[in-house]
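With these hints in hand, go ahead and build the complete structure from the sequences.
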Amino acid sequence: DTAVSQTPKYLVTQMGNDKSIKCEQNLGHDTMYWYKQDSKKFLKIMFSYNNKELIINETVPNRFSPKSPDKAHLNLHINSLELGDSAVYFCASSQAIWNYEQYFGPGTRLTVT
Amino acid sequence: DAKTTQPPSMDCAEGRAANLPCNHSTISGNEYVYWYRQIHSQGPQYIIHGLKNNETNEMASLIITEDRKSSTLILPHATLRDTAVYYCIVRAPAGAGSYQLTFGKGTKLSVIP
Numbered sequence: 001d002t003a004v005s006q007t008p009k010y011l012v013t014q015m016g017n018d019k020s021i022k023c024e025q026n027l028g029h030d031t032m033y034w035y036k037q038d039s040k041k042f043l044k045i046m047f048s049y050n051n052k053e054l055i056i057n058e059t060v061p062n063r064f065s066p067k068s069p070d071k072a073h074l075n076l077h078i079n080s081l082e083l084g085d086s087a088v089y090f091c092a093s094s095q096a097i098w099n100y101e102q103y104f105g106p107g108t109r110l111t112v113t
Numbered sequence: 001d002a003k004t005t006q007p008p009s010m011d012c013a014e015g016r017a018a019n020l021p022c023n024h025s026t027i028s029g030n031e032y033v034y035w036y037r038q039i040h041s042q043g044p045q046y047i048i049h050g051l052k053n054n055e056t057n058e059m060a061s062l063i064i065t066e067d068r069k070s071s072t073l074i075l076p077h078a079t080l081r082d083t084a085v086y087y088c089i090v091r092a093p094a095g096a097g098s099y100q101l102t103f104g105k106g107t108k109l110s111v112i113p
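Protein sequence lines, in the order shown, are assigned to chains A and B.
Start counting the first sequence at 1; every next residue gets the next number (our numbering).
Start counting the second sequence at 1; every next residue gets the next number (our numbering).
Check before you lean on any hint, since a few could be wrong.
Heads up, simulated DSSO-like pairs for lysine-lysine below, C-alpha to C-alpha not over 27 Å straight-line [stated by the list, open to error]:
(1) A:K22 to A:K44
(2) B:K108 to B:K52
(3) B:K108 to A:K44
(4) B:K105 to A:K36
(5) A:K9 to B:K105
(6) B:K108 to A:K41
(7) B:K52 to B:K105
(8) A:K41 to A:K22
(9) A:K41 to B:K105
(10) B:K69 to B:K108
(11) A:K52 to A:K22
(12) B:K108 to A:K40
(13) A:K9 to A:K71
(14) B:K69 to A:K44
(15) A:K44 to B:K105
(16) A:K41 to B:K3
(17) A:K67 to A:K44
(18) A:K40 to A:K71
(19) B:K108 to A:K36
(20) A:K36 to B:K3
(21) B:K3 to A:K40
(22) A:K9 to B:K108
(23) A:K40 to A:K9
(24) B:K3 to A:K71
(25) A:K40 to B:K52
Because the hints were derived from the structure by calculation, they are not lab data.
Just so it is clear, the structure is predicted and the values come from calculations on it, not from any experiment.
Encoded structure:
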């Protein structure tokens with residue numbers, strides 16, 4: 001039973017394309033996150049949703065659009081992909097917005113060529 | 001959130017205790033110390049957190065100095081699977097629009113056979 005799952009695990013695409021990454025958690029948590037880890041291994045928060053509502057929206061280009069159809073899912077859609085978007089994207093969840101015990105997915109490695 | 005300082009890397013012999021230090025000299029009274037780790041090519045994993053008392057769980061022990069300016073994560077019997085980057089994060093309780101964890105560079109722990 002995977003607590004936080006992401007699909008796909010690997011994504012290779014060309015510049016200018018639009019792609020989506022899906023995330024699902026079966027922990028019954030209220031809060032979900034998207035993080036980006038770049039080539040230098042820095043892990044940065046991008047978005048946070050609490051009960052399907054956007055809570056955190058860090059300085060991220062508006063080409064990135066998260067969507068939460070329900071509490072168990074948080075998808076990330078990226079328009080007009082650029083070379084600099086190449087990174088590993090992690091989804092995470094926590095019981096509540098104030099709970100920093102977060103559970104991370106396995107990551108999606110996005111490569112833009 | 002208070003800044004943390006960790007050594008960039010450490011080695012530990014397999015079977016011995018791994019003691020990972022973290023300096024957080026500017027920590028405020030309501031800030032917690034969290035530890036996460038990231039094994040290569042995986043998502044970060046929550047380990048433990050504490051406020052001022054020492055904490056222990058099935059993974060590790062957290063020792064926080066009395067003045068709370070530093071802490072040590074202890075893995076009592078390190079195994080090769082404990083090789084990872086360990087992150088020390090200081091975080092105040094959520095509120096006032098601030099809800100995220102900020103990951104630094106961490107300490108790369110190498111457990112040696």
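Query raised in the report: For the pair supplied as a hint, B:K69 and B:K108, is the alpha-carbon distance within the 27 Å limit?
Result: Holds: B:K69 and B:K108 sit about 21 Å apart, inside 27 Å.
Query raised in the report: Has the given pair, A:K41 with B:K105, been kept, meaning a C-alpha gap of at most 27 Å?
Result: 8 Å, holds
Requested in this report: Verify the proposed pairing of B:K108 with A:K40, using a straight-line Cα cut of 27 Å.
Outcome: 14 Å, holds
Query raised in the report: Can the restraint linking B:K52 and B:K105 be considered satisfied, given a maximum Cα separation of 27 Å?
Result: Since the Cα atoms of B:K52 and B:K105 sit roughly 24 Å apart, the hinted pair holds (cutoff 27 Å).
Query raised in the report: Keeping to a limit of 27 Å between CA atoms, is the pair of A:K44 and B:K105 held or broken?
Result: 11 Å, holds
**Report entry** Agreement of B:K3 and A:K71 with the hint, judged by alpha carbon distance not exceeding 27 Å
**Finding:** 32 Å, violated
Query raised in the report: Holds or violated: A:K67 with A:K44, Cα cutoff 27 Å?
Result: 19 Å, holds
Query raised in the report: Is it true that the CA of A:K40 sits at most 27 Å from the CA of A:K9?
Result: 20 Å, holds
Query raised in the report: Does B:K52 lie within 27 Å of B:K108 when you go C-alpha to C-alpha?
Result: 25 Å, holds
**Report entry** Restraint status (C-alpha distance of A:K9 to B:K105 at most 27 Å)
**Finding:** It holds: about 24 Å lies between the C-alpha atoms, which stays within 27 Å.
**Report entry** Given hint A:K40 paired with B:K3 - CA-CA distance at most 27 Å
**Finding:** The given pair, whose Cα atoms are some 20 Å apart, holds under the 27 Å limit.
Report task. Take a quick look at whether A:K40 and B:K52 sit within 27 Å of each other, Cα to Cα. Result -> 33 Å, violated
Of the numbered hints listed earlier, those contradicted by the structure are 18, 24 and 25.
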